[in-house]
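J.: Here the protein sequences line up with chains A and B, keeping their order. So the first sequence is numbered by the working numbering: it starts at 31 and just counts up by one. So the second sequence is numbered by the working numbering: it starts at 4 and just counts up by one.
Hints may contain errors.
Straight-line alpha carbon distances no greater than 30 Å define the calculated DSSO-like cross-link-like pairs of lysine-lysine that follow [as the list claims (entries may be wrong)]: (1) A:K103 - A:K34; (2) B:K170 - A:K231; (3) B:K45 - A:K103; (4) B:K183 - B:K170; (5) A:K231 - A:K34.
If you want the ones that stay clear, here's a sample from chain B, every Cβ over 12 Å from chain A, calculated [stated by the list, open to error]: (6) D10; (7) F56; (8) A61; (9) L67; (10) E111; (11) A178; (12) L181; (13) V211; (14) L265.
Derived by calculation from the structure, the hints in this document are not laboratory data. C-beta atoms are modelled at their ideal positions from N, C-alpha and C, and glycine is treated no differently.
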Amino acid sequence: MTVKLTVISALGSLVWGTLLAGMRVSPVPLMRGFATFYVNTVRNIPLTVIIVFTSLGLADIFGVTMGASDDFKVQGFRLALLGLVAYHAAFVCEAVRSGINTVPVGQAEAARAIGLSFSQVLRIIILPQAFRAVITPLANVLIALTKNTTVAAAIGVAEAAALMKTMIENEAQTVAIGAVFALGFVVLTLPTGLLLGWLGKRLAVKR
Amino acid sequence: MTSVLYDAPGPRAKRRNVLFSVVFFVLLALFLWWVWLTMDDKGQLKWALWQPFTTSDAWTTYLLPGLGDTLKAAGLAMVIALPLGAFFGIARMSDHRWVRVPAGVVVEFFRSIPVLLLMLFANEFYVRSTGVGSEERPLYAVVTGLVLYNASVLAEIVRAGILSLPKGQTEAAHAIGLRKGQTMTSILLPQSVTVMLPAIVSQLVVIVKDTALGGVMLGFTELLNARSTLAANYANVVASFIVVGIIYILLNLALTTFASWLEGRLRRSKKSTGATVALEDATGINPAQVGGGFGTGAGGSI
Numbered sequence: 031m032t033v034k035l036t037v038i039s040a041l042g043s044l045v046w047g048t049l050l051a052g053m054r055v056s057p058v059p060l061m062r063g064f065a066t067f068y069v070n071t072v073r074n075i076p077l078t079v080i081i082v083f084t085s086l087g088l089a090d091i092f093g094v095t096m097g098a099s100d101d102f103k104v105q106g107f108r109l110a111l112l113g114l115v116a117y118h119a120a121f122v123c124e125a126v127r128s129g130i131n132t133v134p135v136g137q138a139e140a141a142r143a144i145g146l147s148f149s150q151v152l153r154i155i156i157l158p159q160a161f162r163a164v165i166t167p168l169a170n171v172l173i174a175l176t177k178n179t180t181v182a183a184a185i186g187v188a189e190a191a192a193l194m195k196t197m198i199e200n201e202a203q204t205v206a207i208g209a210v211f212a213l214g215f216v217v218l219t220l221p222t223g224l225l226l227g228w229l230g231k232r233l234a235v236k237r
Numbered sequence: 004m005t006s007v008l009y010d011a012p013g014p015r016a017k018r019r020n021v022l023f024s025v026v027f028f029v030l031l032a033l034f035l036w037w038v039w040l041t042m043d044d045k046g047q048l049k050w051a052l053w054q055p056f057t058t059s060d061a062w063t064t065y066l067l068p069g070l071g072d073t074l075k076a077a078g079l080a081m082v083i084a085l086p087l088g089a090f091f092g093i094a095r096m097s098d099h100r101w102v103r104v105p106a107g108v109v110v111e112f113f114r115s116i117p118v119l120l121l122m123l124f125a126n127e128f129y130v131r132s133t134g135v136g137s138e139e140r141p142l143y144a145v146v147t148g149l150v151l152y153n154a155s156v157l158a159e160i161v162r163a164g165i166l167s168l169p170k171g172q173t174e175a176a177h178a179i180g181l182r183k184g185q186t187m188t189s190i191l192l193p194q195s196v197t198v199m200l201p202a203i204v205s206q207l208v209v210i211v212k213d214t215a216l217g218g219v220m221l222g223f224t225e226l227l228n229a230r231s232t233l234a235a236n237y238a239n240v241v242a243s244f245i246v247v248g249i250i251y252i253l254l255n256l257a258l259t260t261f262a263s264w265l266e267g268r269l270r271r272s273k274k275s276t277g278a279t280v281a282l283e284d285a286t287g288i289n290p291a292q293v294g295g296g297f298g299t300g301a302g303g304s305i
């Protein structure tokens with residue numbers, strides 16, 4: 031469950047975050063304003079508040095059930111997904127934007143000089159270089175996302191933290207169970223960090 | 004604001020930008036209108052639901068004590084985690100392998116575990132093994148979880164801060180005959196504190212946000228928990244979420260503004276080296292440079 035939540039929301043927040051980053055550097059002031067507002071707002075609200083709101087606010091009051099009104103478990107999973115994507119997209123956006131800043135000015139100027147439009151400059155020249163520069167920061171967001179999926183336990187998604195809570199309340203071996211779950215996360219996050227860190231160094235644009 | 008990413012707009016580009024603005028504005032307005040309609044439809048805009056927030060009762064009974072507990076937990080966690088983090092950060096740079104390796108293992112281990120698991124475990128530990136009363140237990144558990152996690156994050160910040168100093172500082176200190184401990188306490192730490200301060204303040208934002216976990220999972224009476232009691236009393240779930248969200252935003256914006264002001268100030272002042280550590284840098288240290296065998300492990304603290 032933890033892995034499933036992580037993978038899907040990682041993909042979702044990557045797409046939404048990149049779109050936000052594109053908006054933040056776009057020539058249209060309104061889009062810039064919207065993306066800036068979104069990032070500053072979402073970044074400063076605890077993820078817990080967002081996730082609990084998707085359940086208590088969106089689902090119970092507004093009836094947003096993500097097409098699974100009859101199945102409480104599926105509904106909780108999808109709502110948690112929505113919250114995780116909305117929250118982490120803000121961090122992805124900041125990471126990508128910092129990557130855009132690392133691309134030398136000459137690249138953008140040269141691209142404009144040969145007559146590419148803004149979207150072409152961004153798509154063909156800037157973003158491919160920016161992404162290679164921000165693999166390590168993005169890896170940090172991914173690792174944080176892996177750890178933050180535990181927050182979904184707050185709305186009753188049966189991922190690692192919820193399982194651990196029930197298990198240590200019912201079984202006698204508190205320490206053993208805690209250690210197993212902790213090791214599970216170490217196994218999930220450490221290789222991700224090492225692999226993506228190595229990849230980030232390998233793929234970094236040599237300048 | 005002009006950017007290198009696009010030319011200064013000519014007449015056609017201006018027209019196109021206006022077109023995009025209008026389209027985007029219409030989409031945004033449609034979305035907001037839809038949100039407004041849905042809220043109206045479900046009766047969430049009734050003044051009765053928002054009115055409690057204009058009375059002092061809602062604030063003094065629910066929100067302010069909640070905010071107080073949030074700040075108390077965050078403050079305690081920071082105060083305890085800071086010396087612990089400094090200790091582990093310095094221990095990780097020790098010349099002795101038997102100090103360096105265990106410190107590295109501890110830091111990497113706690114850094115890669117979700118803070119929620121640590122809180123749950125601490126809570127259960129207090130229930131079974133100690134006589135902490137059930138009144139204080141949530142606070143203890145929340146602070147323990149936060150301390151264990153953030154001490155290891157702060158350890159990395161401290162390490163990155165000290166490593167960011169020029170090597171000449173250490174060499175000069177050794178040259179005038181200072182011992183290793185003296186070099187650390189009177190040369191390296193004072194200089195690196197100014198470098199690390201912005202990152203430490205940013206970490207405070209993370210701590211404040213993480214206290215909310217204790218409210219949901221452990222029944223700790225912080226802001227988010229106070230919200231649910233308040234909503235149960237006034238039956239205004241959505242309104243209370245919005246108000247609490249705004250409180251969190253204001254609190255954290257104040258902290259981040261303070262952090263960036265601090266960073267700007269330190270950058271300008273001549274005493275420091277002018278460099279500051281971003282949180283991302285803390286995880287991006289070259290392992291060869293540090294001499295430890297662990298490299299960049301599980302970072303990511305948002």
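J.: Each hint should be assessed against the structure and marked as holding or not.
T.: How the hints compare with the structure:
no. : hint            : result
1   : A:K103 - A:K34  : 14 Å, holds
2   : B:K170 - A:K231 : 24 Å, holds
3   : B:K45 - A:K103  : 24 Å, holds
4   : B:K183 - B:K170 : 14 Å, holds
5   : A:K231 - A:K34  : 27 Å, holds
6   : D10             : 6 Å, violated
7   : F56             : 16 Å, holds
8   : A61             : 18 Å, holds
9   : L67             : 18 Å, holds
10  : E111            : 7 Å, violated
11  : A178            : 34 Å, holds
12  : L181            : 35 Å, holds
13  : V211            : 8 Å, violated
14  : L265            : 18 Å, holds
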